[in-house]
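Number of protein chains: 2
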Amino acid sequence: MLPPAIVHYLQNRRQQHLSSLMELLRFPSIANVQASPDPCVQCAQWLVEYLSKLGLHAELLTPASVGQAPRQAKPNILASAHVRDDAPTLLIYGHYDVQPPDPLELWKSDPFSPQVRDGFLYARGASDDKGQLFAHLMALEAWQQAGGGLPVNVKLLIEGEEEIASPTLEKFMAGHIEQLKADAAVISDSEFFAPGIPSLTTSLRGLAYVEVTFRGPDTDVHSGLHGGAVTNPVNALAALVGALHDAQGRITIDGFYDDVLPPEEAQRRTWAKLPFDEGRYAASLGVETLGGGEKGYSALERRWARPTLDCNGIVAGYTGRGSKTIIPSQALVKISMRLVVNQDPGKVIEGFKRFVAGHTPPGIRSEVKVSGGARPVMLRIDSPSMTAAAEALQEAFGAQTAFIRCGASVPVTEYIQRLLGLDAVLMGWGLPDDGPHSPNEHFALEQLWRGSLAAAAFLGNVGRLGRAVLKIGT
Amino acid sequence: MLPPAIVHYLQNRRQQHLSSLMELLRFPSIANVQASPDPCVQCAQWLVEYLSKLGLHAELLTPASVGQAPRQAKPNILASAHVRDDAPTLLIYGHYDVQPPDPLELWKSDPFSPQVRDGFLYARGASDDKGQLFAHLMALEAWQQAGGGLPVNVKLLIEGEEEIASPTLEKFMAGHIEQLKADAAVISDSEFFAPGIPSLTTSLRGLAYVEVTFRGPDTDVHSGLHGGAVTNPVNALAALVGALHDAQGRITIDGFYDDVLPPEEAQRRTWAKLPFDEGRYAASLGVETLGGGEKGYSALERRWARPTLDCNGIVAGYTGRGSKTIIPSQALVKISMRLVVNQDPGKVIEGFKRFVAGHTPPGIRSEVKVSGGARPVMLRIDSPSMTAAAEALQEAFGAQTAFIRCGASVPVTEYIQRLLGLDAVLMGWGLPDDGPHSPNEHFALEQLWRGSLAAAAFLGNVGRLGRAVLKIGT
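Chains as they are written, first to last, in my numbering: chain A, 1 to 474; chain B, 1 to 474.
There is no bait here: all hints are sound.
One copy or any two copies: either way a pair holds, since identical chains are not told apart in the list.
Mimicking DSS-like on lysine-lysine, the simulated pairs with C-alpha atoms at most 27 Å apart in a straight line are:
hint, residue 1, residue 2
1, 273, 295
2, 353, 324
3, 347, 324
4, 171, 324
5, 324, 108
If you are wondering where the hints come from, they were derived from the structure by calculation, not from laboratory data.
Could you build all of it, start to finish, from the sequences and the hints given here?
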């Protein structure tokens, strides 16, 4: 149970906290924009100052430039507060960078001029992830000001490139193991299953991202003069993509499912009880009916526990208005494969490359470029920190915590697991319709208030567990 | 045999003719460009004046605006010279509009500043079609100045929108039947089979052009959060395109080949004797080996006598650098089908639409837009005007004329056949490597000189045949 003083403190400070969060939301901290002065740097500096005022030791660290045409990486923030040596240490992760706001014309208010309407805070980053992160800063302040000091040692890792797939984070973390070492970790960059159902995410899918180019004639050629004599790269690439699934929706790459670990029957039964209406979900995406994925699995199972292969983009030849009768010189497709435990991105990509080689017809030169990968993550449901989080959520939101999965990848989760030897707790307070990557992103103020209570309760619960118990759980 | 005076006249006037043709080539008369003043109108006016100086009655006629967002159609030119009522009338077709010159950076000299280098005239339109058309104007002048007057009545139809698929021509011709009526017709917008092999094209493929859109979720959605639950429009469209051919390269649309008229065995044997090197042809297109089309046919047969289905363009989702993990909201593909006698574009399109309906999976709304069609054309090889043309070519180029086919469509050929009841002669003097739609388009001056001799000889031959004989042939 949270000390009542902390609850009162957080209730009394709502206006100040909201106004600070709105300051934080004013920075257009988009990671793939290069500007001078750089709003990402300005945002990170604001956070360093804010954390320092909370009494944390905070600093801004900029990873080395990356890529062939070097791009200035965005700074990360490391912060810490040491209470005493025998207290457990909690690592809190969040990110301050945000998605680009396009299409701007669909926003009802400026994405970087935060506005409260009907109990919701509208701004780019309100939910993803500045708002979710800020709940932790509120909780830290409440313990310090009203709880007699922090119940645990705290470390913060605040990333600046999450929305561009964390290209420098793994290396950065590997270089700062000592500063990141902890007994438990929490990542708040996820959603409730539904309003009123506080949720902990126990598994994330991995990712293998590839780009296939089929090259035919060295320039576009006339489809009348040469059609039938020369292999059309678009026809051929489409045939390859078409062949990647069979009629049952299964991916046809040799050995693709070999390492897939199916969910336990008990877990499937739990999911079946979640209040999930496939019709309503379809309507929320603007489709008449669901589809995709393998036959024989529910939509939740297909999103959470089955691997997928989706084209993310394709382009070739003439795509303007009207007609142009050419056989395009080349065709390109981008494909993301979502992987589940126990699949290995490297092995999957090798299989994919063999598939492409086997489906490259005469007259075509094919190339496969690998542009990203992430390992799938499975977290223990019954670890002490997971239980501590479930209880904190229940206390703050007054409802039982659901253990769910997520079909997306959050690379830091796997880095924490592999580099720090910790199963992080994925405890977020977003709601499914926050629109984190869409116009009019918003965050419910009630989720912010209760989220800060949950964050505070979690600090208390972890403190009570102690280092020894937490160690058993890992 | 041509009167020697005509041969001498044409020899003596080469400099003047070249310089006039270069004037004509200076107009950037690109049909899909709207400009003021309009270079297409200026080019057409130049031609009207030039034809008037030749003593023809010439006028510029602008078709009505076209399309939903009305586009100003480019003017056509009608011209005529009446010699006497009992002389046969020859209709000569050419077009003054040209392909866009992009990519400009690949041109060695400005596309609209004609330049002679090593016996070749370099300019956009040099071969397609200003140069080929100009040979007829030279021939008309030669007969008038040195042959004692024209041996036939002459009508000219010079189009301004050939390179954008003649969107207004059929209606225009239907509205000017009287002005176009003739006993024979010649179209000079085609190529020799190879240098030194004067050629008459006896068949053109038809065209059915369609655009398929697959629509899924109403915006792009996250491929991690939703992948597996929602049908991916790109996956689905690629599967549709892949299913359009079987492993033998045959098109799988129900009934697609029902009306196909195979070439006669005698014709296949003639083609097999043509000096065609598949390896050299492949190299000229920049591919290691040929492909596409149906197994069991030679490359020439696949280009000339078999129908095809080629994607001309495809686009969906994210196509920039790097990765973006989305399920795109929609995907679009442009497809041209080349048809052979006896296929009907309307019937083919109906079959295509049924195929799309049968390959639209749950969760996708499909749309098929038809953006063009042309009927295939087969011309009689043994008609009097064809023989007159074969002899004229032989006299001018000193080699036997080959009867070949062309895989492309020249819509006016079918309009002349259907609206005027005439089998036009497709007698062009381009060479296969002129690069008519590519940078550094050029026209061999030798083809211009000899082409004008062939045009003059053809006028003489048609005049000698007389109206009655020409009628028998149609």
